[in-house]
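Asker: Here is how the chains run, residue by residue.
2 protein chains.
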Amino acid sequence: MGGGNRFQEPVRISRRRQVRKEKEEDEVNESFKSPNLEAERRRREKLHSRLMALRSHVPIVTNMTKASIVEDAICYIGELQKIVQNLTEKLHEMEEGPLEIDEQQTDHIIKPEVETIVLKEEMKKLGIEENVQLCKIGERKFWLKITTEKKPGIFTKFMDVMSFMGFEIIDITLATSNGAIIICSSVQIIQGLCDGDSVDLQQTKDFLLEVMRSNP
Amino acid sequence: MGGGNRFQEPVRISRRRQVRKEKEEDEVNESFKSPNLEAERRRREKLHSRLMALRSHVPIVTNMTKASIVEDAICYIGELQKIVQNLTEKLHEMEEGPLEIDEQQTDHIIKPEVETIVLKEEMKKLGIEENVQLCKIGERKFWLKITTEKKPGIFTKFMDVMSFMGFEIIDITLATSNGAIIICSSVQIIQGLCDGDSVDLQQTKDFLLEVMRSNP
DNA sequence: AATGACACGTGAGAC
DNA sequence: TGTCTCACGTGTCAT
Chain A
1 MGGGNRFQEP VRISRRRQVR KEKEEDEVNE SFKSPNLEAE RRRREKLHSR
51 LMALRSHVPI VTNMTKASIV EDAICYIGEL QKIVQNLTEK LHEMEEGPLE
101 IDEQQTDHII KPEVETIVLK EEMKKLGIEE NVQLCKIGER KFWLKITTEK
151 KPGIFTKFMD VMSFMGFEII DITLATSNGA IIICSSVQII QGLCDGDSVD
201 LQQTKDFLLE VMRSNP
Chain B
1 MGGGNRFQEP VRISRRRQVR KEKEEDEVNE SFKSPNLEAE RRRREKLHSR
51 LMALRSHVPI VTNMTKASIV EDAICYIGEL QKIVQNLTEK LHEMEEGPLE
101 IDEQQTDHII KPEVETIVLK EEMKKLGIEE NVQLCKIGER KFWLKITTEK
151 KPGIFTKFMD VMSFMGFEII DITLATSNGA IIICSSVQII QGLCDGDSVD
201 LQQTKDFLLE VMRSNP
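Residue numbers (the UniProt record's numbering), protein chains in the order written: chain A, 1 to 216; chain B, 1 to 216.
Keep in mind that the hints are not guaranteed to be accurate.
Which copy? The list can't say, so a pair holds if one copy fits it or any two copies do.
[Stated by the list, open to error] Within a straight-line C-alpha distance of at most 25 Å, the following computed DSS-like cross-link-like pairs (lysine-lysine) qualify:
1) K46 with K205
2) K205 with K151
3) K205 with K157
4) K150 with K82
5) K141 with K66
6) K151 with K66
7) K141 with K205
8) K157 with K136
9) K150 with K205
10) K205 with K136
11) K90 with K150
12) K141 with K157
I should point out that these hints are in silico values taken from the structure, not numbers from a laboratory.
Just so it is clear, the structure is predicted and the values come from calculations on it, not from any experiment.
Taking the hints into account, I'd like the entire structure generated from these sequences.
Answerer: Spelled out as C-alpha cells, the structure:
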C-alpha cells in the first residue's frame, strides 16, 4: 500500500546531517555517553550500502523502501532460477535431438509421437541397436543394462516389468542419446520368492528385450 | 572479521520479549506516548521477515547477519546472471550450427566455476553423496558406478584414470542431475597386464573416489 | 573488557 | 489531517 517513492540518496544525506547536528548539541548539553555510537553508525551505513547495491542488481524496482528492495530481489531471484531451469532443459533437449528446433521452442505441452519416430530413425542411422545385458553379481543380485528406443512410458513399463518379475531396484541410472535410452540398474530378487539360481539368464534377457521392444 | 553467528530466531524472540516488558513498565511509570510505536514495530517485523525470505532463497549463506544476507544475495544474483548469460550463449551457438563439436569441447574446459559451486550446493541439499561402487562381474571384467559432483573436465579425468589403471572401457553411460554426475561403466583389464584377481576392490574404490573428488 | 549485531522507541520528513 | 518510512541513539545480549 501507500509507501512513499522518495528520492532516497539526496534526501537521506540531508536528513541525516540535520538529525546528527541536533544530537550533537544534545550531547554537549547533557554530556551523553555513547560507547558504541560510532560503531552502530558504521553498521547502519554498511547495511544501507548493501541494500543499495542489491537494488542496483535488480532490474525491476517497485518501491525504494527497504522491504520492497528485498522483496523485489526475492522475486528477481525466483525469475532467474526459472530462466536457468528452462534454459538447461532446452539445452539438454537440443543435445539429445539436434533436429526440430522450431517445435521444441513452441510446444512445451504437447509432445507428439513424431519425435519418437524421428529419433528412432536417428538411432538406427547411428547403428545403435536394441539389446539387453544381464549379469549375476551376487547371490540374489543382478546387474542389467537395457538399450532400446526412447519412447513415452518406456520407463514406467520398465518398472512394471521389474515388479512383475519380482526384482527390487537397488540403484539405477538412465541416459538418453540420439533417440536411444539406456537403463543401467542393479536389482535383486525379492526375498521369499526364490534364489538367484532359479533365474535363467538367457530366458530373462529375451523376455526383457521382447517386452521393452513391444509398442504400447 | 567474524561477526556473531548466533541462532537468530529463538534468541531474537526471547530478547524481544525481555526488552518489551521492560519498556512496558517504563511506559506505565512515565506514561510515555508513542504515536507510531506499533506501526514502526510492524515495519521492522516486515523487513525482518523479508530478509529471512531472501535468505531462504539464497543457497550459500556465510553469515546470519543482515548485511551478510543481502551481500550473499547480491553474489548469488551475479552468479545466476552469469549462468543465464552462458546458457543463452550456448543455446544460440547450438541453434546456429548444430554440429560445432570443437567449440563445445573448449566451452567445457573454460566453463566458469560459479556454476559448479551452485550445483554442488544443490546436490548436497538433495542428499546426494559421492561414492564409488565396484563389482567384479567376470574374469577380467568389472562393473563400476561413480557418483560425484558435476564439474568441468570430470569425464576427461575419468577416462585418464581408467587408462592409467589399465582399464579398457567396454560400455559406459553417463547421467547428470541436480549437480551430480553418475558414471556407469563396464570395464576390463587390458590383456597382458595382469589378471582380475590382482585387483584389490576396496583399494581401487578408495583410489577412484579420491581422484574423482580432487579438484583440478 | 571490548567489539559486533540486534531490537527497541523516538522525532522528523514525505505523501 | 494521519500514515508510512527512515536514521538515530541506546541498552542488551553474545562472542
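Asker: For each hint, tell me whether it holds in the structure or not.
Answerer: Hints and how they fare:
1. K46 with K205: neither (52 Å within a copy, 49 Å between copies)
2. K205 with K151: Cα proximity of K205 and K151: one copy only (20 Å, versus 35 Å across).
3. K205 with K157: within (16 Å within a copy, 33 Å between copies)
4. K150 with K82: both (18 Å within a copy, 20 Å between copies)
5. K141 with K66: neither (56 Å within a copy, 53 Å between copies)
6. K151 with K66: Classified as neither; 32 Å inside a copy, 38 Å across copies.
7. K141 with K205: Cα proximity of K141 and K205: in one copy and across copies (15 Å, 20 Å).
8. K157 with K136: Classified as within; 22 Å inside a copy, 29 Å across copies.
9. K150 with K205: within (19 Å within a copy, 32 Å between copies)
10. K205 with K136: Both: 12 Å inside a chain and 20 Å across chains, each within 25 Å.
11. K90 with K150: both (18 Å within a copy, 19 Å between copies)
12. K141 with K157: Within one copy only: 21 Å inside, 30 Å across.
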